[in-house]
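**Student:** If you read the protein sequences in the order shown, they are chains A and B. Heads up, the first sequence is in our numbering, so the first residue is 1 and it goes up one at a time. Heads up, the second sequence is in our numbering, so the first residue is 472 and it goes up one at a time.
Source of the hints: derived by calculation from the structure; they are not laboratory data. Careful: at least some of the hints might be erroneous.
To be verified - Pairwise CB distance ranges (calculated):
| hint | chain 1 | residue 1 | chain 2 | residue 2 | range |
| --- | --- | --- | --- | --- | --- |
| 1 | B | Val473 | A | Ile22 | 52 to 62 Å |
| 2 | A | Val464 | B | Val473 | 33 to 43 Å |
| 3 | B | Thr818 | A | Asn433 | 45 to 55 Å |
| 4 | B | Pro536 | A | Leu439 | 26 to 36 Å |
| 5 | A | Phe187 | B | Gln949 | 54 to 64 Å |
| 6 | A | Thr423 | B | Val494 | 55 to 65 Å |
| 7 | B | Tyr535 | A | Ile22 | 57 to 67 Å |
| 8 | B | His570 | A | Thr343 | 29 to 39 Å |
| 9 | A | Thr423 | B | Gly850 | 25 to 35 Å |
| 10 | B | Arg533 | A | Val464 | 14 to 24 Å |
| 11 | A | Phe146 | B | His570 | 29 to 39 Å |
| 12 | B | Lys659 | A | Lys426 | 56 to 66 Å |
| 13 | B | Val494 | A | Thr343 | 31 to 41 Å |
Claimed, not checked - Calculated pairs, DMTMM-like style, for lysine to aspartate or glutamate (alpha carbon to alpha carbon, straight line, at most 20 Å):
| hint | chain 1 | residue 1 | chain 2 | residue 2 |
| --- | --- | --- | --- | --- |
| 14 | B | Lys829 | B | Glu900 |
| 15 | A | Lys281 | A | Asp346 |
| 16 | A | Lys348 | B | Glu621 |
| 17 | B | Lys629 | A | Glu420 |
| 18 | A | Lys426 | A | Asp346 |
All C-beta atoms in this analysis are idealised placements derived from N, C-alpha and C, irrespective of residue type, glycine included.
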Amino acid sequence: MNINYLAATMVLALTGAFLPVINRLFRISGIQGALISSIGYIVSLFLVLISGEGRSVLKGFFTTDPVSILVGALVLVSSWMVMLVVYWITEKDKFVNELISALMISTAGALLLISANNFISLIIAMELMTMPTYLMVLFAFDDKSFEAGVKYFFNGALAVGFMLFGISLLYGMTGSFDFSALVKNLFSDPLVALAAVFIFAGFGFKITAFPFHFWGPDVYDGTCPGVAALLTGISKSAAFIGLMRVVYEAIPVIAGHFPLILAIIAALTMTVGNLLALAQKRVSRILAYSSVAHAGYTLVAFAALSVPLSVTGIIYHSVAYVFMKTAAFLCFAVLLFVWGARTMDDYKGLGRREPLLGALFLIFLLSLAGVPPMAGFISKVFVFTAAVDAGMTWLALIGLLNSAFSVAYYIWIAKQMYLEEPTLEKPINDSPNKNWILLPLAVMAVLLILFGIWINPVVDASAVYAAKVGF
Amino acid sequence: MVLLSMILLPVLVAPFAWIGEKVNRDFPKYLSLAVGIFLAFCTAYLIVKYPGNGFAFEEFYRIYPPFDFNLHLAVDGISLVLLAIVAFLAITVTLSSWHVERPGAYFFLILIFLGPMVGVFVSLNLLWFFIFWEFTLVPMFFHIGIWGAENRIYAAMKFFIYTHLASIFLLLGIIVLYLSTHTFEFGKILNIHLDPSVAKLVWILMFIGFAVKMPVVPFHTWLPDAHVQAPSPISVFLAGLLLKMGAYGLLRWEIFLFPQTSKFFAPLMAFIAVLTIFYAGFRALAEDHIKRMVAYSSINHMGFVLLGLSALTAAGISAAVYEMVGHALVISLLFMIAGYIHHKTHTWYISELGGIMKKIPGLMTMFVIGVLAAVGLPGTAGFVGELTVMLAAFDYYGWIMVIVPLASALGAGFFMWMLQRAVFGPLREEFKNLATLKELPLVENIPLAMYIAAFIIVGIVPAVVFNLYNPVINTFAQLFQ
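Please model the complete structure; the sequences and the hints are all you need to start from.
**Tutor:** Given below as structure tokens:
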């Protein structure tokens with residue numbers, strides 16, 4: 001791991017750790033807190049961006065390659081925007097600094113997870129990413145969020161249990177946790193397949209793949225939407241990259257048997273996510289089930305793991321996903337805070353009340369739906385091209401049909417916002433500096449459109465990674 | 472830079488329409504008019520400078536060469552004709568929308584729509600073609616959904632989901648094509664000999680996408696709803712530009728690229744075309760709703776376009792492109808006037824109209840001229856288009872196409888019957904003192920007069936259109952030998 005990258009995670013985690021202390025000592029206001037955290041984010045972002053050169057440390061545990069730099073930078077940007085929005089929408093008396101502290105530590109965990117190349121460091125990074133979110137889910141302080149918190153905790157514990165069992169099987173066979181050692185010593189064996197199943201199950205919980213998706217919508221809906229943005233956007237994208245490293249770097253021997261199973265899981269995940277999303281009335285649940293469906297699209301790329309394009313598909317979809325999903329939940333969070341809008345009925349005419357915010361929300365929804373020129377479109381092109389290239393045209397067709405039907409609920413939100421007459425008369429929290437909060441969201445929208453057209457950074461990083469894992 | 476500026480300028484100035492509304496309510500429409508005139512000047516410049524054959528004004532913007540994901544723009548004669556339609560309709564639609572409600576958002580969406588629309592017709596990169604193609608849906612969705620008639624939300628949702636679903640097949644076709652050729656470039660795909668079975672798969676997948684947009688039976692059901700609910704100027708965009716995208720895509724990306732496969736599927740295309748012509752003709756005959764009737768006659772004309780394309784000869788394709796021009800001009804006029812009739816009499820139904828010629832002779836004279844052009848009166852674009860298509864079809868398919876002139880008679884039948892019931896005859900009692908039943912203001916007459924002048928000019932001197940693209944089509948037609 002590059003020393004600058006390590007420093008970036010340290011800076012972020014330490015800023016997060018000291019934020020509540022500073023608050024205890026000086027009673028900082030929301031704006032001051034946002035400024036202090038922003039400094040942490042900017043320094044960390046700078047360090048991640050320059051981590052292409054410099055000394056290497058912890059070689060057997062973490063690796064810094066173009067993928068971890070790219071995705072790390074984007075995860076940082078998204079997390080930064082989440083921080084700004086959470087400060088803006090959270091009332092003062094709710095331990096907001098503690099929440100931001102947990103957010104930053106969790107993001108540091110995500111940064112480590114996307115660069116882990118050893119099962120020990122993978123587990124540690126994943127727990128560092130997950131542990132703070134157990135607290136964050138409880139943050140709404142109502143019965144629903146307690147229910148969500150308990151559900152999330154047990155599912156998370158179960159996931160880690162599965163994963164550790166799988167890892168211990170691999171360790172028993174090879175005596176090593178290191179990916180580079182595992183890839184040399186493993187051979188096609190039923191026990192390896194069993195271990196892979198357990199590791200997949202562990203990741204399946206994290207990325208809400210069918211049949212481990214049940215907790216997802218309940219938790220995303222039960223907790224406050226800023227936390228949901230972190231969980232569905234940042235944590236899931238980091239888990240995608242982590243799973244990608246496991247599959248391509250540690251256990252590529254499974255490529256013979258697993259594609260079909262992965263393809264079936266992908267098809268089921270997409271279909272279940274989209275069908276259930278169509279049936280929802282609450283916007284947060286629609287977004288939650290759409291995130292399940294998006295896990296399915298990424299799994300399509302995993303199912304195509306025999307072709308180099310699948311790497312591009314996974315990385316591009318993670319990149320697009322971290323922006324569009326996080327930002328969509330943040331838009332929902334702002335609308336919930338200002339207008340108290342939860343259900344589809346509340347969304348009627350909101351686009352007229354909030355033209356700019358509505359337009360931004362629309363950009364994110366259309367990107368999730370895969371409408372060009374947003375990144376969500378081009379990432380789907382890569383994912384499904386990989387599937388066709390791997391000889392799974394049927395899977396690509398299922399995925400594309402899913403994507404077409406998913407438009408129905410995204411455009412349904414757009415319809416409620418712009419084509420219907422307003423039902424909500426007065427905002428419940430009318431803030432005078434409302435337009436400031438549009439800035440972070442606009443940044444994400446611009447980045448989303450930029451990455452939808454300027455594909456070079458992501459594709460170059462993927463090409464380097466594909467060459468590294470032997471394509 | 473000309474082509475890129477034609478795509479980017481409308482999109483970049485679009486936010487000013489939205490912001491400008493707050494400063495001055497009239498600003499957005501003048502901005503939109505200025506952009507329309509800008510597009511017209513650019514197109515005129517391109518037409519004048521066009522060397523006569525092949526692709527010209529090539530612009531190449533590198534993005535990611537290994538995947539061939541580059542913005543490659545160029546025009547040939549066919550694109551130029553369609554660009555001319557874009558610029559012409561941009562101006563007429565702006566003038567027709569002069570008194571629209573909420574002009575800021577309305578013209579914002581029009582400008583957002585125009586840029587990608589130009590992009591569709593000038594892109595030589597298949598993926599960029601798709602990006603432009605797909606993006607045009609978004610502004611149309613809001614136009615129909617916000618400014619449409621009573622049932623607008625249903626129509627807008629149906630329009631978006633239906634055509635998006637069709638685009639998915641187009642995208643899958645593009646992906647399969649890319650994986651077999653490793654390129655998105657028109658010029659490169661043209662020189663690659665594709666395995667026939669792959670070519671057939673790609674052809675069918677892409678055809679579904681184009682056929683829904685055109686639309687042809689049985690993929691047409693979104694169109695009557697969208698047209699009837701859309702405000703009239705937007706119906707003009709739908710009929711004049713969106714449907715042309717389907718026909719243009721079919722021509723550029725299927726018939727030119729896969730001549731042999733197209734030859735294999737030509738009877739299928741001809742069958743669908745004849746089915747469309749007859750089905751839409753009979754539906755129009757049975758229709759009481761005046762705008763829906765025009766919508767079916769629009770489908771009927773697109774059937775002629777497909778029939779011309781399916782002939783796969785230079786004559787057939789050039790007739791089809793000519794018919795596209797005629798359709799854009801004639802059907803636009805009819806949609807506008809159908810909208811005005813509803814606006815003035817508050818009814819859509821032919822059975823509730825009657826004798827309105829007596830009250831608004833000016834508008835109705837234009838309507839009659841438009842109807843005559845639509846049924847193919849000599850001296851108008853409708854005549855030349857249908858005649859050349861039929862001749863090409865006879866030439867290629869032989870005596871079986873003898874049924875097509877019957878459909879033409881059917882078209883004459885439903886239009887004349889409608890005129891007799893709705894426009895001529897005694898004036899109905901309830902219209903005698905209707906205050907709203909009066910002639911249009913000048914600014915709304917200008918676009919109507921422009922349509923009429925345009926289709927008469929291209930009808931009397933078809934060479935102005937034919938000469939532009941015939942060399943191109945002749946070059947490509949050698950592929951079918």
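**Student:** Next step is simple, just say for each hint if it's right about the structure.
**Tutor:** Hints, one by one, checked against the model:
no. : hint                            : result
1   : B:Val473 x A:Ile22: 52 to 62 Å  : holds (58 Å)
2   : A:Val464 x B:Val473: 33 to 43 Å : holds (38 Å)
3   : B:Thr818 x A:Asn433: 45 to 55 Å : holds (51 Å)
4   : B:Pro536 x A:Leu439: 26 to 36 Å : holds (35 Å)
5   : A:Phe187 x B:Gln949: 54 to 64 Å : holds (58 Å)
6   : A:Thr423 x B:Val494: 55 to 65 Å : violated (31 Å)
7   : B:Tyr535 x A:Ile22: 57 to 67 Å  : violated (45 Å)
8   : B:His570 x A:Thr343: 29 to 39 Å : holds (37 Å)
9   : A:Thr423 x B:Gly850: 25 to 35 Å : violated (56 Å)
10  : B:Arg533 x A:Val464: 14 to 24 Å : holds (20 Å)
11  : A:Phe146 x B:His570: 29 to 39 Å : violated (57 Å)
12  : B:Lys659 x A:Lys426: 56 to 66 Å : holds (59 Å)
13  : B:Val494 x A:Thr343: 31 to 41 Å : holds (37 Å)
14  : B:Lys829 x B:Glu900             : holds (12 Å)
15  : A:Lys281 x A:Asp346             : holds (10 Å)
16  : A:Lys348 x B:Glu621             : holds (17 Å)
17  : B:Lys629 x A:Glu420             : holds (16 Å)
18  : A:Lys426 x A:Asp346             : holds (12 Å)
The structure shown violates the earlier hints numbered 6, 7, 9, 11.
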